[in-house]
Amino acid sequence: MELIKAVTTIDFLHYAKGAYLFSALLILLGITAFWYRGGLNYGVDFAGGTIVHVKFSQQTDAASIRAVVSQTDISDITVQDFGQNGDEFLIRIPKSETGAENFSNRIRESLADGYGPEAFDVRRVESVGPKVGRDLRRKGILAVVFATFMMGGYIAFRFEPRFGVGAGVALIHDVLVTTTVLLVADVEFDLTVVAALLTVIGYSVNDTVIVCDRVRENMRKLRRETMRTIINRSINETLSRTVITTGTVLMVILALFFLGGSVIHAFALVLLVGMTVGTYSSIYVASPVILLWERETARQ
Amino acid sequence: MPQGLRYRLLLIVGLALWGILYLIPSFSSALPGWWPSFLPSHHIRLGLDLRGGTYLLLTVDLEKAVENSLDQYAEEFRRALSEAEAGIVDIRREGNTLRFSAISESDRTIVREILADRFPILEPRIGSGSSSDIVVDLDSRQIEALHQYAVDQSLETIRNRIDQFGVAEPIIQRQGDRDILVQLPGIQDPERAKELIGRTAVLEFKLVAEEGSTRETETLNGQDRDPLSGEPIRTTYTLERQTLLSGDGVADARVRPSVDIEGPYVELILNNRGAETFEEITGANVGRRLAIVLDNTVYSAPVIRDRIGGGHASITGGFDIKEARDLAIVLRAGALPAPVTIAEERTVGPSLGRDSIEQGTMSFIIGGVLVVVFMVVYYNLAGLLADLALALNILLLLAALAMFDATLTLPGIAGIVLTVGMAVDANVLINERMREEVRLGKGARAAVDSGYERALPAIFDSNITTFLSGLILFQFGSGPIKGFAVTLCIGIISTVFTTVFCTRAVYDYFLVRRRLHTLSV
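Residue numbers (this note's numbering), protein chains in the order written: chain V, 570 to 869; chain U, 168 to 688.
Bound conformation, chain U alone (with noise of 0.2 Å):
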């Protein structure tokens, strides 16, 4: 035999069955008991313009993460001062410094060792000039740490945030400098969901400031509702700045039924250093109002009536069951470290999707069957080995994409066709090469050989141009465009060998075992 033939129809063989053996479990809808463990488990998914779903990408604010640390360093540093029980220290953030001033040259030490002592990556300056302020600032390298903290810590609350929200199979992944890539397919409710992870939740305690006070304020607005008709009903507090105890109090969050007119209420709970601090703080302010802060509005403001120990605390607002759900789930993953934008969005309705396979496939398989029909009204019974290599081919692609778990979008199956386009040139190439050396009175196996001989730079150059198209492709396209150019490239790998090699091989079959002599071409 020829050049090894044997072998050639064996490789053939055996890759047709491996394709099969890996398109079984996309095909079927549950691995029988009796599948074995080292054969193919993975299966085509389908991308989020198929099945429905949301695609969000979100940009993080890293100014306002580097900020929201500085506002958090002078908030430690107040605490440490009045510890030190140093005098009054003006504390104010500028851009990304700390500023320091009215520091009575008796704190000015104090000032120092608690710098040195608590917050070593902060470098002071004195002032400049006759300032005797103490600026600290936070130096490139300190501020992409903090960056790359930020945006690790967005990812994982977000995760975590998802995985309470219970969503199948999502992809969460850090994309670029500044932005996370969320995919949530099959999703039935984007708003919620979208709301659910944008939402910063940076929860804060603070009293409600009493008249006379020489403490800092700020004023918020409030979130009640009218009792009787729920509607929102516009009010303001005016609050002491200081956060007396934040979210990271907070050890677990649960939805608790009504109990009055109220509606569902979240109770919190807090960990032990949590607890400690609420019953320090409810025990030094008997009878003043505490509000409850969730990403700068008052969600309720109760009075202190007694010392709060055992570390509960609880959360009203008249919210529904879903909102009471949502926000539980929002304080237990944590707070966002800065807020986030969505800067991109796509959502497809699973209605859109189910159209769109139909669709696609129908349109697939219509333009198939022309086609193969085509093929053989053409050429005959080399038409007829075209359309068998044609739907190995096919075959090998869908398997290719199994194996590499990859995501089958409509623009995959765009690419497909296209593969089927490229794949018939292939054949109709050699054909016409064939014919053309028939015509020039050669036989069966001359025609054949110096066929495919002649074909065959035309088919490597066209196919390695279209390569590069969708290697391009792969490196420019995002989501959905990528799904092209991966099937489109495996695509162009099994067109040439079905094309070339696989029909090479059956002819050689025939015209060396079955002594063929004339081709039907």
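So that you can see chain V by itself, here it is in the shape it has in the complex (with noise of 0.2 Å):
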């Protein structure tokens, strides 16, 4: 079977002026829902506090909870809707809040008065101090940041300085976009999101180097043509596998998405955004860059 035959001759730089305009306003986009809700919605890997995943016998609803739980004299208590089934709930406090020592167990006793104690169960809990959360934001910054300039950097040295940069970019590119989703669909930043906004750095390098090592064969191979000509060509030779890995990677996703659980919903929707980002870009991102790197070398 072939889903596509032989080599295909799509103008894909026709469009990069496009896409461009594209990217930046979903970055555009991304800067004005950052800026709309304050910053991002860190959890409470990040940000500190208190959460308690509460699975109920019986669906139930936030407002019904946040009545009974607020019986106890902590303020501030936020309850949030958990998966997909209505009887799952995550309920939390930020931790400066007094009373936080007991948090969970306080909790655990207003919902016995409220709904019986057989009626629910105390899925997880999840404390972190404001030190730590600290600490782990710091590292999750750090991690970013050191995998970006890591691949950009060998891909300079394993290649070109200027394949180096439009990877750079792209992998830039890359992380806001994906956050720009995330803000906009109000998900968590905590640990996991991390994790996962690392792999979907990874595989878009991934994407990058195929897209890149075929540039590279091909600038050997056809010394007579234009960089853009290069560039278009090799993005058409691995169209192919591009469609292909991308279409399997993503149905293991999918897979993770509906049927991996609650817990691990958030990092397989970053890892679903990520992906077909990282598609995109190494397409339309890494090579246009290294076609205006080009240009400007040849101007001066």
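Keep in mind that the hints were calculated from the coordinates and are not lab data. Keep in mind the model is a prediction, meaning the values are calculated, not measured. Take these hints with a grain of salt, some might be off.
Covered stretches of chain V (in silico footprint by chain U; criterion: 3 or more residues with CB under 8 Å from a CB of chain U, positions within the stretch not fixed) [to be verified]:
id : region
1  : 585 to 599
2  : 790 to 796
25 Å max Cα-Cα, derived DSS-like pairs, lysine-lysine [claimed, not checked]:
id : chain 1 : residue 1 : chain 2 : residue 2
3  : V       : 664       : U       : 231
4  : V       : 624       : V       : 664
5  : U       : 649       : V       : 708
6  : U       : 231       : V       : 700
7  : V       : 700       : U       : 649
8  : V       : 586       : V       : 624
9  : V       : 790       : U       : 649
10 : V       : 664       : V       : 700
Cβ coordinates follow ideal geometry from the N, Cα and C atoms, glycine included.
Reassemble the complex: the two chains are provided individually, in unrelated frames, and hints are given to aid placement.
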């Protein structure tokens, strides 16, 4: 079976300008969302605080849980629907609240009063102190920054400096666009999301490497051709692989997304978005940047 | 045969057998009796997120540890002074220094002798200017040593308590300068465990102050309960500040069944020194009340009726049996040198762990089946070969995890899923290249040769970059994320091996031995 017969001759770079505009608009949307929401929505890993993950034996809703837990004298409790069945909820407080020490116990007690002791099951408690939260946040940011630079550096070393720059720009683009989607969808940033972002970076660079590898090969084969032709041809030649690989990986991620359970949901969502963006960026961000660089140096 | 094909095939079969051998212990609940001891018995452990359990990061209050030991020095000093029959000296702790003031001229030499004799690590300074105070302080090296001691001692004490509490396969280790990491797999009552671990458990015996006494006093809360309703009642006690006997004097602690409505109580068995001191105290203070203080709360304050020999004492306080048992554990295991606070806690209940395993496995199988079927449909026999390589890949990856005694977490399962993705990508790259070569009209042998040769740089570069991101994750990640990084890195090594080395060996075998002429790709 073949999905893409022989070698296609699509003029990908013809649409580069439109793609720039599209990416710029997305990132602008991200900045607006960032400003509108007042920053990233940190989970307890980064913000500190406590969450109690409760599963009820019957469906209920956030408002009635809020009414029950507000019987405790702890203020600033948020209740959030978790999962798709309307029976799992996250009850959260920021760390600075008084009474945080026995938060999970007190929640348990007030829920037992309101719903009966057998009607629910505390599935998970996560509590992170402000110092640990800061530390994790710093490490998370460092990891993403380091990963971006190391991979850009590796490609610059293995190929040519301009390829490294192209890949670096593509990676930053992927992180920004994926973050935009997370901001718009109001997904919480926690350790799992950072791990997923790093995986996205790994995959995206993988895609970029494969296109760059073709460009490098074709540069040796087609010495007479312009860079534009070479890049276009390379993207076309690797198109079949890009479609197949992205397709199969997306299949696996879709399985994770729909069947992996509530805990892994955010992870799968980030991968789903990031993989798509990563494939797009290796065609429409990395390659045009290489071309731009070429033009700039030619002009000098 | 080209390039030692026989050895390559042997290596592959050998590694596959090795993988199976290493996985047997993980997938059989109990090893059969005839399983020889030289065969591997390592098995993959499930992380707390999969089997349920509690992860705690405790921070030791080091400042308080230094203060506590200075307080202890001051206490010992007072005792030494009264033994030397010196006059009253006011000893006060100010931050990390001890100040001796109101010293009469005649006592000066005594104070300095005691200092030089019994506290050689303390640096005495004569107070500045007109003050005749003696000030002793700790230099940074001593403070550092005290910090070390506090963390080591806390670690030891917590380990003792957990051992006595009874948790299978706990992990208790030091992290950084002042943190202690505790993992308790499969624990049913995390709140109780937290209380047990976090309790400072400083036990002190002090006399209840008499009216008109000139000694230094302090006021502490009691923990009495209403005998009928069991509700706590607020009471306070005024005690003499001096500690007569502390937890150091305790050799053992046992739960004793209830004798009256008070409920069960904890019996203390004192060691020789403790018993001696206890006999002295009770003998000298017949008729007075002796308070038993735990973590600055008065548990009981019975009247001393007679000199008590034999080294037995008891703590009552209307406990239920669990409370009494936990109290006995902390008293046996000893006090923490300083309070600890919980900086991070992650508890996963067993039901969530079970769901995660089921859903993780389910999504893995469905995703895997989709990929396997697709590969065969799309690449025919070459796809089937890729699928076999994929199966070997997962086998080797799991075997390596078992060999390293690695812990499989939910993000770890995600790492395996991504390994599948990378492996598929490598085979797609090779197969696409071979198709290109076949389209150019090359024969089977030439197509395989140049297909692999051309695909290799891209495969290596992409796997190395992913490996780099795995290393970064390992470096910066904590707990579960590290698990993801480990599976990703091992997975990349097994992916390159199976997708490049193994499939190539199989192609070579068919090309040479079976004289294959057309590729099914």
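Now for the hints, and whether the structure bears them out:
Given a C-beta distance limit of less than 8 Å, the hint that chain U covers the region 585 to 599 of chain V is violated, as 0 residues qualify and 3 are needed. Counting residues of the region 790 to 796 of chain V whose beta-carbon sits less than 8 Å from any beta-carbon of chain U gives 0, not enough to reach three: the coverage restraint is violated. About 22 Å separates the Cα atoms of residue 664 (chain V) and residue 231 (chain U), which keeps this hinted pair within 25 Å; it holds. The straight-line distance between the Cα atoms of residue 624 (chain V) and residue 664 (chain V) is roughly 23 Å, inside the 25 Å bound, and the hint therefore holds.
For the proposed pair residue 649 (chain U) and residue 708 (chain V), the alpha carbon gap of about 13 Å is at most 25 Å, so the pair holds. Our distance criterion of 25 Å between C-alpha atoms is met by residue 231 (chain U) and residue 700 (chain V), whose separation comes to about 18 Å. At most 25 Å may separate the alpha-carbon atoms for a hinted pair to count; residue 700 (chain V) and residue 649 (chain U) meet this at roughly 20 Å. A threshold of 25 Å between alpha carbons decides the hint, and for residue 586 (chain V) with residue 624 (chain V) the separation of about 50 Å lies outside it, so the pair is violated.
Straight-line distance between C-alpha atoms of residue 790 (chain V) and residue 649 (chain U) comes to about 43 Å, which puts the hinted pair past the 25 Å bound. A C-alpha spacing of about 10 Å is found between residue 664 (chain V) and residue 700 (chain V), which places the hinted pair at or below 25 Å, so the restraint holds.
In this structure, the earlier hints numbered 1, 2, 8, 9 are contradicted, and the remaining ones agree with it.
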